[in-house]
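*Asks:* Chain residues, written in single-letter form:
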Amino acid sequence: MFDPIPWLILLPLICGCLTFLTGVGRGGRLVLAGLIIQLVLTIILARQIVMEGARHYAVGGWGAPLGVDLYVDGLTGIMLLLTHVVALPLVVYARAYFSSQAEGVGYFWPLTCFLLAAMNALFMSADIFNIYVTLELLGLAAVGLVAAAGSAGPVAAAIRYLLVTLLGSGAYLMGVALLYGTYGSVSLTVLGPLLATTEISAAACLAAMLMLAGLLLKTALFPFHFWLPPAHGGAPAPVSALLSALVIKASFYLILRLWFDLFAPLVTTQAAQLLGGLGAAAILWGSILAFTQTRLKMLVAYSTVAQIGYLFLLFPLMTSAIPGASESALQGGVMQLVAHALAKAAMFAAAGVMVLSAGKDDIALLGGMSSHLPLTLFTFALAGITLMGLPPSGGFIAKWLLIDSAVSGGQWGWVVVMILGGLLSAAYVFKVLRQAFLPPVAGIKFKPVIRMLEWPAFLLALTSLLLGFRSVEVLNLLGVG
Amino acid sequence: MSGALIYACAGAVLFVSGVAGLILLPHLLRKILAFNIMGSGVFLVLVGLGQRDGTPDPVPQAMVLTGIVVAVAATALALALVRRLLSLTGKIQFPEEPEGAGRFWKNKQ
Numbered sequence: 001m002f003d004p005i006p007w008l009i010l011l012p013l014i015c016g017c018l019t020f021l022t023g024v025g026r027g028g029r030l031v032l033a034g035l036i037i038q039l040v041l042t043i044i045l046a047r048q049i050v051m052e053g054a055r056h057y058a059v060g061g062w063g064a065p066l067g068v069d070l071y072v073d074g075l076t077g078i079m080l081l082l083t084h085v086v087a088l089p090l091v092v093y094a095r096a097y098f099s100s101q102a103e104g105v106g107y108f109w110p111l112t113c114f115l116l117a118a119m120n121a122l123f124m125s126a127d128i129f130n131i132y133v134t135l136e137l138l139g140l141a142a143v144g145l146v147a148a149a150g151s152a153g154p155v156a157a158a159i160r161y162l163l164v165t166l167l168g169s170g171a172y173l174m175g176v177a178l179l180y181g182t183y184g185s186v187s188l189t190v191l192g193p194l195l196a197t198t199e200i201s202a203a204a205c206l207a208a209m210l211m212l213a214g215l216l217l218k219t220a221l222f223p224f225h226f227w228l229p230p231a232h233g234g235a236p237a238p239v240s241a242l243l244s245a246l247v248i249k250a251s252f253y254l255i256l257r258l259w260f261d262l263f264a265p266l267v268t269t270q271a272a273q274l275l276g277g278l279g280a281a282a283i284l285w286g287s288i289l290a291f292t293q294t295r296l297k298m299l300v301a302y303s304t305v306a307q308i309g310y311l312f313l314l315f316p317l318m319t320s321a322i323p324g325a326s327e328s329a330l331q332g333g334v335m336q337l338v339a340h341a342l343a344k345a346a347m348f349a350a351a352g353v354m355v356l357s358a359g360k361d362d363i364a365l366l367g368g369m370s371s372h373l374p375l376t377l378f379t380f381a382l383a384g385i386t387l388m389g390l391p392p393s394g395g396f397i398a399k400w401l402l403i404d405s406a407v408s409g410g411q412w413g414w415v416v417v418m419i420l421g422g423l424l425s426a427a428y429v430f431k432v433l434r435q436a437f438l439p440p441v442a443g444i445k446f447k448p449v450i451r452m453l454e455w456p457a458f459l460l461a462l463t464s465l466l467l468g469f470r471s472v473e474v475l476n477l478l479g480v481g
Numbered sequence: 001m002s003g004a005l006i007y008a009c010a011g012a013v014l015f016v017s018g019v020a021g022l023i024l025l026p027h028l029l030r031k032i033l034a035f036n037i038m039g040s041g042v043f044l045v046l047v048g049l050g051q052r053d054g055t056p057d058p059v060p061q062a063m064v065l066t067g068i069v070v071a072v073a074a075t076a077l078a079l080a081l082v083r084r085l086l087s088l089t090g091k092i093q094f095p096e097e098p099e100g101a102g103r104f105w106k107n108k109q
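Protein sequence lines, in the order shown, are assigned to chains A and B. The letter at position 348 of the first sequence is residue 348 when you use the working numbering, and the numbering goes up by one with no holes. The letter at position 57 of the second sequence is residue 57 when you use the working numbering, and the numbering goes up by one with no holes.
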């Protein structure tokens, strides 16, 4: 029986090394071929998970504790599918983008392959030290991608991102050290029951705080969001799309795993309420700041800061004693994760096309874009629909589930926050759309863009919309394991 | 206090000073040095706490070796980026932020 698990990690690593050997800026076709094969493997793996349930895989045949164990369940399947479904159109988009604007490509292709390898390994990891290794690989690849643009702003943003991500990983590794020193194992399957049955020790609490703080830094939750807008707003559009859509979600996935699988006996409702409060602050503050921006890509980057806040609302909602409310909260959070990844990738891709055409990254210069690039503007609007939470998009399903959970759990404060967040998202999306329908600014000449640049973005936005119709399959996959 | 526990306490002290340096110092090279001190602190805790009954445990030592390799790679990347920033701006510090949250507060004045 063919096992796709090792190939999901090996194939992007091999592609990365091969594309590195082909030289600067080349290797796009190889990455595209590799990514198509990986998408097929991911679909095979997802079907295996649905039919056979969650399972373990020992790399090289050596089991834990000396070997590395991998574990796939429903949530892993969703994350792997999301990664490849978002990455494939983005790779097509990136090939077209860098053929129109060759500067800033650098070693984009090898770094993207290493990024994908790190993410696949991260989603399948079953012990906390392997998670550390994949987190570092992910961080270094992401920093390399941000710095590829080369000018002073992106390089400073990349250094800031690197230092923040190293601080986060350092805190996480300290937590691993404390857990290993106290319990003698790093495997999640061993540590979980051990933490649940033995008496709660101060070392375990300290380890939990350190690991979660490190991961919160990497997920850019308010007030740790300061590194994200310069890094995502200053990078080339394909890089911003990859980072905002996928890399942030990887550390959030880890917070989800550790919170519910490992630290379940340790976490209190107060800690969950704190995370929810920070998420609410992120939604409000990020949306307000997004509205005040004058640069298009910075607006979309602040929108990421705001939408990440919705994900953290699921923690207080899941502490509710009513079982239906808690299940809706998890489903809503995961749907928000998937819908936002698709929509944000589409939005950054559309913003990239508009900036490429206008020549400068300024919202005030977008006048007349509606007649020049109608498909791209439509893509931006479709992505905005998911961010606002309008039916029938995937974002609407996510927010509906979260609001439903809040109402049945009796936590009304979060409902107000979510509705306010939706209104503020509408404000900044319509700010851009209104500007694009105004007559062109004097002296601006729009450059023509390749058709291939517009279609991948449109496909991503359409998928986020269609997610609203087919959310049942996603939620079924989540239920496995 | 056993020998192993002394290493672990020293590691904790190094970790805290490294984190403080990473956050507070403005000079980028010193931030990178602080990150390395933080890493050394974590490795000391890993080896110090990992000893059970005085016999050396190979698993945390393997983890520390992996950690050292990762730290070296990360330091190399950080130094390369700082050199590039120096050649572009002439300074080894983060440039002033005119946009983002800074603009929001400036516009309020």
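The set of hints was computed from the structure by calculation and includes no laboratory data. In this text, all values refer to a predicted model and were calculated from it rather than measured experimentally. Errors might be hidden in some of the hints.
Some chain A residues near chain B, calculated using beta-carbon distances under 10 angstroms [to be verified]:
{"hint": "1", "residue": "59"}
{"hint": "2", "residue": "66"}
{"hint": "3", "residue": "137"}
{"hint": "4", "residue": "143"}
By construction, the Cβ of each residue, glycine as well, lies at the ideal position given by its N, Cα and C atoms.
*Asks:* None of the hints should be skipped; say for each whether it holds.
*Replies:* Hint check:
1. 59: 15 angstroms, violated
2. 66: Holds - the Cβ of residue 66 (chain A) comes within 10 angstroms of chain B, reaching about 8 angstroms at its closest.
3. 137: 8 angstroms, holds
4. 143: 7 angstroms, holds
Violated hints amount to a single one, hint 1; each of the other numbered hints is respected by the structure.
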